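Colleague: Using the sequences and the hints, build the whole thing.
Going down the list, the protein sequences come from chains A and B. Okay, so the first sequence: first residue is -4 according to this note's numbering, each after it adds one. Okay, so the second sequence: first residue is 1109 according to this note's numbering, each after it adds one.
Among the clues, some could well be false.
To be verified - Calculated cross-link-like contacts (lysine-lysine; reagent style DSS-like; alpha-carbon spacing at most 30 angstroms):
#1 B:K1428 with A:K214
#2 A:K214 with B:K1417
#3 A:K214 with B:K1320
Said to hold, decoys possible - Just the calculated beta-carbon pair ranges, DEER-fashion:
#4 B:D1181 with A:R217: 45 to 51 angstroms
#5 B:P1271 with A:I203: 52 to 58 angstroms
#6 B:G1366 with A:L81: 53 to 59 angstroms
Calculated directly from the structure, the hints in this document are not laboratory data. These numbers were taken from a predicted model, which means no experiment stands behind them. Positions of the beta carbon are idealized from the N, C-alpha and C atoms, including for glycine.
So you can see what is in the structure, the chains are spelled out below.
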Amino acid sequence: MRRIRIIIAAVVSLLCGASLGAQNLTDLKIGEVLVDNTEGVTDDYGQRNGWIELFNTSSGTVKFGGCYLSDDLSDLKKYHIPTSDLSTKIGPRQSVVFYTSGKSFQGTYHTNFQLRRGTTVYLVSNDGRTVIDRIDIPADLPADHSVVRVPQGVKGMDFETRVSAKPTPGTYNGDVDAKSKSEVMGEKDPHGFVLTLIAVSVVFTALIILAIIFGWIGKMSRRLQSPSPKEARPRKVKGSRKAGEMTPEIAAAISMALSRESGGEVQAAIALALHDYLGGGIHDLESLVITIVPSAGGGWADKTQTFRQSPR
Amino acid sequence: MNTIVENLRQFWFFTGFANATWQNFAMILIGVVFITIAIKKGWEPLLLVPIGFGMIIGNIPMFPGLNIGVYEDGSVLNTLYQGVKQGWYPPLIFLGIGAMTDFSALISQPRLLLIGAAAQTGIFGAYLLALALGFDPNQAGAIGIIGGADGPTAIFLSSKLAPDLMGAIAVSAYSYMALVPVIQRPIMLALTTKKERLMRMPAPRVVSQREKIVFPIVGFLLTAFIVPSGLPLLGMLFFGNLLKESGVTRRLAETARGPLIDVVTTLIGLTVGASTQADKFLTGASLKIFLLGLLSFVIATTVGVLFVKFWNLFLKGDRKINPLIGNAGVSAVPDSARVSEVVGREFDPGNHLLMHAMGPNVAGVIGSAVAAGILLGFLG
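Modeller: What follows is the structure in structure tokens.
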């Protein structure tokens, strides 16, 4: 009973962890904001407004319905993003734009407040209290300039905040001219020697470490299994030959005899099984491999030979 | 009367005859050749029959827009093709491979892992050559993986790095896997002396069940930590093996190595074949890919055999390794190991190399998955 409880608890905590991971609002960031829009993007109504861009930093989709946007720390619930709108989700490394038109009746993506310079924009969790992210708008931010967070580093998970004269609402804030990994490799290593050297080294290193570990595990295993003197004695086979002695010859002779009757595949399989059996055996019982097992019964007439196999 | 003629004319435009090009017939012919080879010669029939028939399906000339082609969104073939395009099928096949692979030979002689590593140079040799022939680095990486002699890995990597070349890469990989006995034997004979071919190796030791259970767990942890990008392939391979060796999940292991792998192999073969539509497949790039694929197998086999010969310089007595198992580092399981056995017995009918060759053979599977992970990490 106790074991079942532990298993249930483990499963429940795993499921909880998974759901938290899939819906992690902390993966959201305010990617870019623009206050004074005179020449930039227009909304669905053809109007130019300031805007706030939300960016999903994760590799999974995040639903943000129920969260809040605000420019006032004393009123974090200023604009409630409707939960009923099915479009309120952001794909991996994607962004959405909210127009700060002050006319929330124009749709989900229109806030009920307008941005002002010198304020701070808050993205608040669906509990209405936890600030997920905030971004300060400079008091001297020029028109058509945005405050933008640009992904940095190899993973693109660190962000640098800067003022940009070229706003990019709804698109990736990184360098739009950024090159793919392949292009970078093509420039840095045009002949491929560096990648080859690294890759071959890594493959060898990984397999050498594996070989060392399994050499060591094998030694430990043999030590743990150290047989009693009686068990250590080699198994006798017909003709009082020691196990392993002459086994390849025996197996080969039998397989050659069989080759006249059947194809090479059958011959190889039977020879292998004989080789294993006579040599002490390295196979356990398994499908797709012929395994010869010494009889546990007393003799050919033993009743156990005619029993059905026990259900597993 | 006019209406009937007009309808017949319209019907004619919908038939394959009206839309056929010589390229369609060429690809259908190649498909028929694949099926013939598989049936007559018995070379990789489980793969070449579905791929060959898939080629025929994919090259039936059709009127575009009927939503039946493999590249038309929402068609049946397109839906099945998503497993290739999104990379679902290869890890599922690896699950089955893991559940059917006995790593005992490798666990009993872990040093043979190095042969599997050496043979992966075929991948990087082909990568270098592909770059020299003007392919982009990502395309070169996808082409190079043909040298891993592992169809699912080739499909997985090419679907990520160079989806446009996937058909040619997959067909090339499976074709050369079918031709492993033809390609490897002359190289093995050319690079070894008669004395080396007669070399006998001591029987591998007995491997305990405990070791067999520990292997997939430790093997996975180590390789996945070093190359996380190989996770889908390595994870499934070792998971499948754990199902087999744990002794308590017999039904799951049976399903993974039986019905599951059969279903996925059928679908992957058919859809990869169907993806080789003439207009996308009959290009100069495909010819180069076939040439590079052949060279990658040659390089992998050569380096595998030479590596063992070089290693033997430092080994003494019965620690020496028969160079005829060097070819088995090419991971075409179990064909390349079988080539070692057959060639070995040509010169000494009592010298069974199969179990020794299975070590580097399965090491090759791990090695090619690791190499794929590295290429994906650098070029993906």
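Colleague: If a hint holds in the structure, say so; if it does not, say that too.
Modeller: Cross-check of the supplied hints:
1. B:K1428 with A:K214: holds, 20 angstroms
2. A:K214 with B:K1417: Answer holds: A:K214 to B:K1417 is near 27 angstroms, not above 30 angstroms.
3. A:K214 with B:K1320: Judged against 30 angstroms, a Cα distance of about 14 angstroms means the pair holds.
4. B:D1181 with A:R217: 45 to 51 angstroms: Cβ of B:D1181 to Cβ of A:R217: about 58 angstroms, so the range 45 to 51 angstroms is violated.
5. B:P1271 with A:I203: 52 to 58 angstroms: With a Cβ separation near 34 angstroms, B:P1271 and A:I203 fall outside 52 to 58 angstroms, so the hint is violated.
6. B:G1366 with A:L81: 53 to 59 angstroms: Since B:G1366 and A:L81 have Cβ atoms about 42 angstroms apart, the given range 53 to 59 angstroms is violated.
Of the hints listed earlier, those the structure fails to meet are numbers 4, 5, 6, in rising order.
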